[in-house]
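Student: Sequence:
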Amino acid sequence: LILDDPLSAVDPHVAHAIFEECIVGMAAGQTRLLVLNSHYDLLPHADVVVVMRDGVIAAHGSFEDVMAQFPQALSQYNASGDRDDADVDERPVEVDFGVVEAKVVVQEEASSGDDAVNGTETREMAAVPGGRLIHDEDRVRGSVGGHVYKTYFDESGFNGVTVALVLVVAYCVSQAARTVVDWWPGHWARNMPRRGVDPSYSGTTFGMWYLGLIALCSVLTMARALLLIESCMRTSQHLHDELFRRVLRAPVTRYFDVTPVGQILNRFSNDLDQMDAVLPEEYQLLFQNVSMALGTLVVSAFASYWIGIMYIPLLVFFEFMGDHFKKTSCEIKRLEGITRTPVYNLFGETLSGLATIRAFKMEAAFSARNREVVDTNAKVYLAYWGAGRWLASRLDLLSVAIIFAVTAYLVATRGEVGSLTSGISLTYSLMLTSVVQWVMRSVDRTDNAMTSVERLLHFREIESEDDKGFKVSELEGAGANDSSAAWPWRGGVRFEGLCLRYRPELPLVLRGVDLDIAAGEKVGICGRTGAGKSSLMVALFRICDFDSGRVLIDDVDITTVNLRELRRSLAIIPQDPVLFSGPLRDNLDPFGEYSDERIWAVLAQVHMADNLRRWGAGLDFEVAESGDNLSVGQRQLLCIGRALLKDSKVVVLDEATANVDTATDALIQATIQETFEDKTVLIIAHRINTIMHCHKIAVMDAGLVAEFGAPAELLAEPQSVFAALAKRSAVINN
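FYI, the numbering for the sequence shown is 1 to 734, going by our numbering.
A couple of the hints might just be wrong.
[What the hints assert, rightly or not] Simulated pairs of lysine-lysine, DSS-like, Cα-Cα distance not exceeding 30 Å:
| hint | residue 1 | residue 2 |
| --- | --- | --- |
| 1 | 379 | 327 |
| 2 | 361 | 379 |
| 3 | 471 | 326 |
| 4 | 326 | 379 |
Note that these hints are calculated values from the structure, not bench results.
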């Protein structure tokens, strides 16, 4: 059983419980290999300890033997009481102790490719109906409503009804010009006997008129196409931008926590592609075919009103069949969109857990699951196209019936209808064979493509975070008159009776927190997993609405501050460092607010300047996706640099060193103490030794501040919760 540092993201109590109950207890009888970055007090329980240095085994044996070989590590181990520090060289090294009952691995240098363990605080979930966290994907039944079409054209920036009418008129006028172009050669031929007899006859005049009509038809055709393209492009751009803003402003806990990523990707990939690429083409075919069908009917009716009457029952039958088909086809198209979401979900989950899948030899199971979801989607997709062929075969039969009826009438009434009119009527009836089919198909395919717009419009129902409130420049208070200082002016933070829950149906995670942090203080926040530590950070950045109580920064209630301004005014260094692909400069200064000299100064403060100079590219160093070409420690140092550039008076570290080795942890801690000397720093931590330097310690327990005071004061109380955590972490002797 191989365990790759699973205990780094939990507190000492939980770590010992997992070790004793699971690793030693439930896994008894197996060879267990546990790699550790922390909780080194578990090392004496190992049968074998292996120390790795520079890719080779530096030591191997019992805990006592290994510690005897590395007296520096032993002296630090005894001096600090925390078995997280081990120097095995003159230079600082990164040492990871790993423990197993049968084997233990100690790695000196953590691989930059190691997956970070998500240490986000566990959020308890109340019993909701069905006990489900993820919501089912929305599905509308029935035909696409007229309001969806109107909304689509409204997004062009003009009234939707007006836009649709303008397009209809443009296509009808263009089709009328096309009909005149088709009629003109016959009219010219009928007047040709006048040549040489009637002096007023001029073949050149007829030819020029014909060329003029062709040019007019071409201009009208181009104009109608440009009108439609411009309308669809404006609609796509406006709708995409609006929906993207909606998603960006959606509340984390009430939307992203309950919505699969695959569902969002489905909307922004396939549904947007349908709107961008498919809908303009379908609308073009729809308007064109409808105008051609109307032109055909009008010309045939001009030949004889009997032909017009003959079309009525056929058109009624067309409408009946098309309406029946559209209902079925529309539902199948919606099902196809819904069954596509599991494909995206599984693909993303497989990529994320690829290492685990291979480790547990679950490739076959995931391949089978992948085939299952793809087959489900493919079945619906094939049903959709099969339904289209069903309609096409029946439309062919009806079209043949129309041609037969028109031909039979013209033959029966020969001599009564002019040859020119008869020829155009028969030609247009033959054209109607394909035109009517395409009208029905275009109506159906447009309606089906509009289901994507219908699904995208559901994003409009996403609740947005409240972005009202004062801008930072409008705030008043002590320090506001200092033009050189931006809020927060000093950095004092106060929680007053704060109660918070992540969603309305969930229990409170903070139950009346009262905490007063003076400006410039360094406060360590600790507690057992699920005690409410990270929830304080959630409250500070207003990721959730408060149930009651308030948070004040420099005596300003943060609920009165514009949300975007609030978050830009605070700095956070998360547990999982976030970097984006692109130049390093854009990662550190995305808004281009700082000079190169200022950025280099910050990089020197976080001990990254020398590395960048050695790599050669400087600030243009290309960061890979998620920062994969940097180690975890380097990514974390860059995140610290980003926080330093903001120069905020309030800095939050949320388990910032949970996933790095000891030496990198020590470097980051030293950097924090040096660079944030005059800042108010809130450090959420599982490793007790990382917050022992803080001015004060806040111990969270069950959503309340159980203890608050200086570390020495809390340790002086043997029965305190903090003292128990410190003993469990071996920071102090039992």
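Student: All hints, please: hold or fail.
Tutor: A quick look at each hint next to the structure:
Annotation: proposed proximity of residue 379 to residue 327 holds, straight-line Cα distance about 18 Å (limit 30 Å). With a C-alpha separation of about 29 Å, the suggested pairing of residue 361 with residue 379 holds against the 30 Å cut-off. The straight-line distance between the Cα atoms of residue 471 and residue 326 is roughly 52 Å, outside the 30 Å bound, and the hint therefore fails. For a cut-off of 30 Å, the pair hint linking residue 326 to residue 379 stands: about 19 Å separates their Cα positions.
Of the numbered hints given earlier, the model fails hint 3 alone.
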